[in-house]
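In case you want the letters, here they are:
2 protein chains.
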Amino acid sequence: MDGDTSREKLQEQIRLQGERVRKLKIEKAEAQQVKDEVAKLLELKAQLGDDPGKGKFVLKCPKGTKDYNPEQMSIREGAFKTIISCFKRHGAETIDTPVFELRETLKGKYGEDSKLIYDLQDQGGELLSLRYDLTVPFARYLAMNKITNIKRYHIAKVYRRDNPAMTRGRFREFYQCDFDIAGQYDAMIPDAECVKLVVEILTKLELGDFVVKVNHRKLLDGMFAACGVPDDKFRTICSSVDKLDKTFWDDVRSEMIDEKKLDPAAADRIGTYVKLKGGLDLIEALLTDEDLKKQKAAVEGLEDLKLLLKYCDLFGILDKVSFDLSLARGLDYYTGVIYEAVLQGFAHNPSAGSDEGECQCRQCGWWWKIRWSGWVFSILESRANSSNVKTRTTDTEVFVVSAHNGLLEARMKLCNELWDADIKTEQSYKKNPKSLSQFQYCESSGIPIAVIIGSSELEKNIVKLRIVETREEVEVPREKMVDEIRSTLARLSQQKTQNNASGS
Amino acid sequence: MDGDTSREKLQEQIRLQGERVRKLKIEKAEAQQVKDEVAKLLELKAQLGDDPGKGKFVLKCPKGTKDYNPEQMSIREGAFKTIISCFKRHGAETIDTPVFELRETLKGKYGEDSKLIYDLQDQGGELLSLRYDLTVPFARYLAMNKITNIKRYHIAKVYRRDNPAMTRGRFREFYQCDFDIAGQYDAMIPDAECVKLVVEILTKLELGDFVVKVNHRKLLDGMFAACGVPDDKFRTICSSVDKLDKTFWDDVRSEMIDEKKLDPAAADRIGTYVKLKGGLDLIEALLTDEDLKKQKAAVEGLEDLKLLLKYCDLFGILDKVSFDLSLARGLDYYTGVIYEAVLQGFAHNPSAGSDEGECQCRQCGWWWKIRWSGWVFSILESRANSSNVKTRTTDTEVFVVSAHNGLLEARMKLCNELWDADIKTEQSYKKNPKSLSQFQYCESSGIPIAVIIGSSELEKNIVKLRIVETREEVEVPREKMVDEIRSTLARLSQQKTQNNASGS
Numbered sequence: 001m002d003g004d005t006s007r008e009k010l011q012e013q014i015r016l017q018g019e020r021v022r023k024l025k026i027e028k029a030e031a032q033q034v035k036d037e038v039a040k041l042l043e044l045k046a047q048l049g050d051d052p053g054k055g056k057f058v059l060k061c062p063k064g065t066k067d068y069n070p071e072q073m074s075i076r077e078g079a080f081k082t083i084i085s086c087f088k089r090h091g092a093e094t095i096d097t098p099v100f101e102l103r104e105t106l107k108g109k110y111g112e113d114s115k116l117i118y119d120l121q122d123q124g125g126e127l128l129s130l131r132y133d134l135t136v137p138f139a140r141y142l143a144m145n146k147i148t149n150i151k152r153y154h155i156a157k158v159y160r161r162d163n164p165a166m167t168r169g170r171f172r173e174f175y176q177c178d179f180d181i182a183g184q185y186d187a188m189i190p191d192a193e194c195v196k197l198v199v200e201i202l203t204k205l206e207l208g209d210f211v212v213k214v215n216h217r218k219l220l221d222g223m224f225a226a227c228g229v230p231d232d233k234f235r236t237i238c239s240s241v242d243k244l245d246k247t248f249w250d251d252v253r254s255e256m257i258d259e260k261k262l263d264p265a266a267a268d269r270i271g272t273y274v275k276l277k278g279g280l281d282l283i284e285a286l287l288t289d290e291d292l293k294k295q296k297a298a299v300e301g302l303e304d305l306k307l308l309l310k311y312c313d314l315f316g317i318l319d320k321v322s323f324d325l326s327l328a329r330g331l332d333y334y335t336g337v338i339y340e341a342v343l344q345g346f347a348h349n350p351s352a353g354s355d356e357g358e359c360q361c362r363q364c365g366w367w368w369k370i371r372w373s374g375w376v377f378s379i380l381e382s383r384a385n386s387s388n389v390k391t392r393t394t395d396t397e398v399f400v401v402s403a404h405n406g407l408l409e410a411r412m413k414l415c416n417e418l419w420d421a422d423i424k425t426e427q428s429y430k431k432n433p434k435s436l437s438q439f440q441y442c443e444s445s446g447i448p449i450a451v452i453i454g455s456s457e458l459e460k461n462i463v464k465l466r467i468v469e470t471r472e473e474v475e476v477p478r479e480k481m482v483d484e485i486r487s488t489l490a491r492l493s494q495q496k497t498q499n500n501a502s503g504s
Numbered sequence: 001m002d003g004d005t006s007r008e009k010l011q012e013q014i015r016l017q018g019e020r021v022r023k024l025k026i027e028k029a030e031a032q033q034v035k036d037e038v039a040k041l042l043e044l045k046a047q048l049g050d051d052p053g054k055g056k057f058v059l060k061c062p063k064g065t066k067d068y069n070p071e072q073m074s075i076r077e078g079a080f081k082t083i084i085s086c087f088k089r090h091g092a093e094t095i096d097t098p099v100f101e102l103r104e105t106l107k108g109k110y111g112e113d114s115k116l117i118y119d120l121q122d123q124g125g126e127l128l129s130l131r132y133d134l135t136v137p138f139a140r141y142l143a144m145n146k147i148t149n150i151k152r153y154h155i156a157k158v159y160r161r162d163n164p165a166m167t168r169g170r171f172r173e174f175y176q177c178d179f180d181i182a183g184q185y186d187a188m189i190p191d192a193e194c195v196k197l198v199v200e201i202l203t204k205l206e207l208g209d210f211v212v213k214v215n216h217r218k219l220l221d222g223m224f225a226a227c228g229v230p231d232d233k234f235r236t237i238c239s240s241v242d243k244l245d246k247t248f249w250d251d252v253r254s255e256m257i258d259e260k261k262l263d264p265a266a267a268d269r270i271g272t273y274v275k276l277k278g279g280l281d282l283i284e285a286l287l288t289d290e291d292l293k294k295q296k297a298a299v300e301g302l303e304d305l306k307l308l309l310k311y312c313d314l315f316g317i318l319d320k321v322s323f324d325l326s327l328a329r330g331l332d333y334y335t336g337v338i339y340e341a342v343l344q345g346f347a348h349n350p351s352a353g354s355d356e357g358e359c360q361c362r363q364c365g366w367w368w369k370i371r372w373s374g375w376v377f378s379i380l381e382s383r384a385n386s387s388n389v390k391t392r393t394t395d396t397e398v399f400v401v402s403a404h405n406g407l408l409e410a411r412m413k414l415c416n417e418l419w420d421a422d423i424k425t426e427q428s429y430k431k432n433p434k435s436l437s438q439f440q441y442c443e444s445s446g447i448p449i450a451v452i453i454g455s456s457e458l459e460k461n462i463v464k465l466r467i468v469e470t471r472e473e474v475e476v477p478r479e480k481m482v483d484e485i486r487s488t489l490a491r492l493s494q495q496k497t498q499n500n501a502s503g504s
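Top to bottom, those sequences are chains A and B. Numbering-wise, full-length UniProt numbering puts 163 at position 163 of the first sequence, and it's gapless, one number per residue. Numbering-wise, full-length UniProt numbering puts 498 at position 498 of the second sequence, and it's gapless, one number per residue.
Warning: the hint list may mix true and false statements.
For identical chains, the list gives no copy identity; a pair is met inside one copy or between any two copies.
[Claimed, not checked] Here are the simulated DSBU-like cross-link-like pairs (lysine-lysine), alpha carbons at most 30 Å apart as the crow flies:
no., residue 1, residue 2
1, Lys66, Lys107
2, Lys81, Lys306
3, Lys246, Lys390
4, Lys496, Lys151
5, Lys107, Lys9
6, Lys431, Lys25
7, Lys390, Lys35
8, Lys66, Lys460
9, Lys66, Lys115
10, Lys45, Lys296
11, Lys390, Lys296
12, Lys9, Lys294
13, Lys204, Lys260
14, Lys60, Lys115
15, Lys157, Lys430
16, Lys480, Lys107
17, Lys430, Lys310
18, Lys296, Lys66
Don't read these hints as lab results, they were simulated from the structure.
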């Protein structure tokens, strides 16, 4: 019953399972059967932790984290590639910073959320903590290197000891993808480019219809003043307004009046404003609004927004932009325009509505920021899972198949020829693999072309090319093989593009 | 003298510096002067940590870590791209695991080096540690998902509380780049592909001449037995042999005899073997060696190596492979072939000779591994620094230049046209930038083409294309601009390739 006894039992199980595997191998049993039994053996060994001189494997990721398997990596890399190509189209550089910072560097930067920072144990030397976002490390980098002008993106994981709802795509370790423009520039020029970039990225990611909501810190301040909100209540009333994307106005109104002791008349006046959304017309109308007109901040905010929309028009994205007076996120920090991209159909989805659920942009002093979080991958992943199309996890273009035993060296030469021609090629690592298992591998991993050799092909100095999907086969002289493979790959990829276009 | 007083002093300095900046702006001083003074202001503020409600910025990376600036990122990304394209050419998938693991998962896996593991502070919940390598997380992933067959690479940072010599390119946070083949396969087939991959990568990285040393665990065991080394001294004698790449034989011999109490005769016999290096001839000679012949392990090792070299020949890489009996690294863990790639001219360089200094491959049971570490980047970086060619940090192809004031909207339209045509384009974020500063920016950041507009160009519906390097200019009708830019870029890139080819 004690640990030692159960360990001995496990060791005995492993011994027996090991014998079973050896016996199957000697009997040359079915590959799948051997594989299954080996898997059992490895699992037992893992329970014991019986790697030479090693401890027990705990078969679990830490809470709030996950592994990315090859399918998920394939989706993630595809999304990164798209996003990065957009950043690069706009001339961005990239930097990287360590995963941990001096604890002092992070101290006092996150208010109440500081309790969510992962600290490293004091093992002597400096006190360290894992980065909570990419902004503070970036600010440290700028200050340390005395940089005042930069346009950079940074894609990296950040860490928060939160209690995240992982089913809603929230994690303790998750990616942030920040794009920042730092420098002293003229009004709305970087802002408009940020909105353009967001539109480009969301369009290229093909996530579905979306809109970029815009608002302005100064307009909100002016609006609150115009509605009779006392100065010291701006922040708290602002955070009530921020809930409007998830809550009905009546509930927000009650919170303002009952909890935050706002005069009901002021709340009602706010109510008439925050319902408004539109474009240039709305801005023009508000510029003539008797109450707002008197507020300098409101007028400045509206003039900025007017200019922003004009620039968005020049950038051909006006139809994607919606001026929305209820957008009030994160106003503590931001001094100018705030933007938020919202996918249609996700607007009231809690996973999209979370803090990390949007693409947020904002201007803060001489600093413009776009931030993406993990939700992009969640959406792409769930879409891939729900579609019937298998996500490929390799780029392999050709699998070299031997038609019968005794062809390992011929296969190796062939692979070498293909690798040297930069054709992505695999073969079986078995000396004498079965034909069927080779073809099955091609099909299950989506490899488009099989190059088949047998003794008759070798004699004639040809190879057989098989299109895996259609099973068409052609014989090709060996010296034309590489060219034929290239043109076949080009043709298959063209067909796929056409099918996708006609299918959508 | 106390903290508060010096803080007050700093605040006064900041106030004065702020006034200076404001005054310069009002006076419309030189941009550079304003920039310098703003930088000073930011620096003072950073000292104070006077972000609203925030603490002090400590302007330092944690010990043993560094930021990657855009130049370094550009080099790193280039190297990753090369390495990954080689992995993908061989059909590899990729996975990712969290940066930390349950402390239990890492426990007992690293022997004495366990003290170098970074532990996270116990903040309630699970006990966590930062990953020390990518192998243990991979083993956990395989066991957790009951995977027995996979060919995957994983490029990620690992963490070691070492006292690294950063000047020699060693860090506490550094990249590992692992490629592993797991599965039950026939002898030497995956091994040969690993060697092929290493040769491909080192060739593509253009790091200079290199050789892949190979040896075999069983041969070493058999050799030690043949020399009369007692079984219980194999490990320690092996670790002496391992020093031969950095130490002379005489010193290694003394260590064996004086410290490790080996019979001098045995040491001398080892000495005759470990000097040997060669190819198939040497293997054949050793197979007839009277002492080795009697050792089953030695014969098995030699037969494996013979097969490996035959396969390497089929893969066209025999000239890069050197069978070397002094290669003895890490034999504790490995059961089969070990390989190590060594750059010529770096063989006795301590930075290349460190544990993390080579590309190591080895076979351990049903597991083949290639590992790269940060040294690749160190070499590439130092080469970039010593060459006169500036490393570009952006991919920008075109900069839109306005010849005079008042052209912001025209520039914006032009940029938009170029972005929508997928041409990587930048412009100034100033409303009225100076011509000179626009051209200087093109030159300093290596942008190949400037598209220049002025009122006369707008009237004639043309643009001027300038090749930044040669300052040639051509006028192009607006509707042909995109095509002309594409063909110019193609021409410039071709010229560059030719120049590089003729220059080397």
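How the hints compare with the structure:
no.: 1; hint: Lys66 - Lys107; verdict: both (28 Å within a copy, 20 Å between copies)
no.: 2; hint: Lys81 - Lys306; verdict: neither (33 Å within a copy, 43 Å between copies)
no.: 3; hint: Lys246 - Lys390; verdict: neither (35 Å within a copy, 51 Å between copies)
no.: 4; hint: Lys496 - Lys151; verdict: between (37 Å within a copy, 27 Å between copies)
no.: 5; hint: Lys107 - Lys9; verdict: between (51 Å within a copy, 22 Å between copies)
no.: 6; hint: Lys431 - Lys25; verdict: within (15 Å within a copy, 76 Å between copies)
no.: 7; hint: Lys390 - Lys35; verdict: within (24 Å within a copy, 53 Å between copies)
no.: 8; hint: Lys66 - Lys460; verdict: neither (52 Å within a copy, 59 Å between copies)
no.: 9; hint: Lys66 - Lys115; verdict: both (22 Å within a copy, 26 Å between copies)
no.: 10; hint: Lys45 - Lys296; verdict: between (72 Å within a copy, 28 Å between copies)
no.: 11; hint: Lys390 - Lys296; verdict: neither (57 Å within a copy, 49 Å between copies)
no.: 12; hint: Lys9 - Lys294; verdict: neither (83 Å within a copy, 39 Å between copies)
no.: 13; hint: Lys204 - Lys260; verdict: neither (43 Å within a copy, 65 Å between copies)
no.: 14; hint: Lys60 - Lys115; verdict: both (25 Å within a copy, 23 Å between copies)
no.: 15; hint: Lys157 - Lys430; verdict: neither (39 Å within a copy, 33 Å between copies)
no.: 16; hint: Lys480 - Lys107; verdict: neither (65 Å within a copy, 55 Å between copies)
no.: 17; hint: Lys430 - Lys310; verdict: between (65 Å within a copy, 16 Å between copies)
no.: 18; hint: Lys296 - Lys66; verdict: neither (50 Å within a copy, 46 Å between copies)
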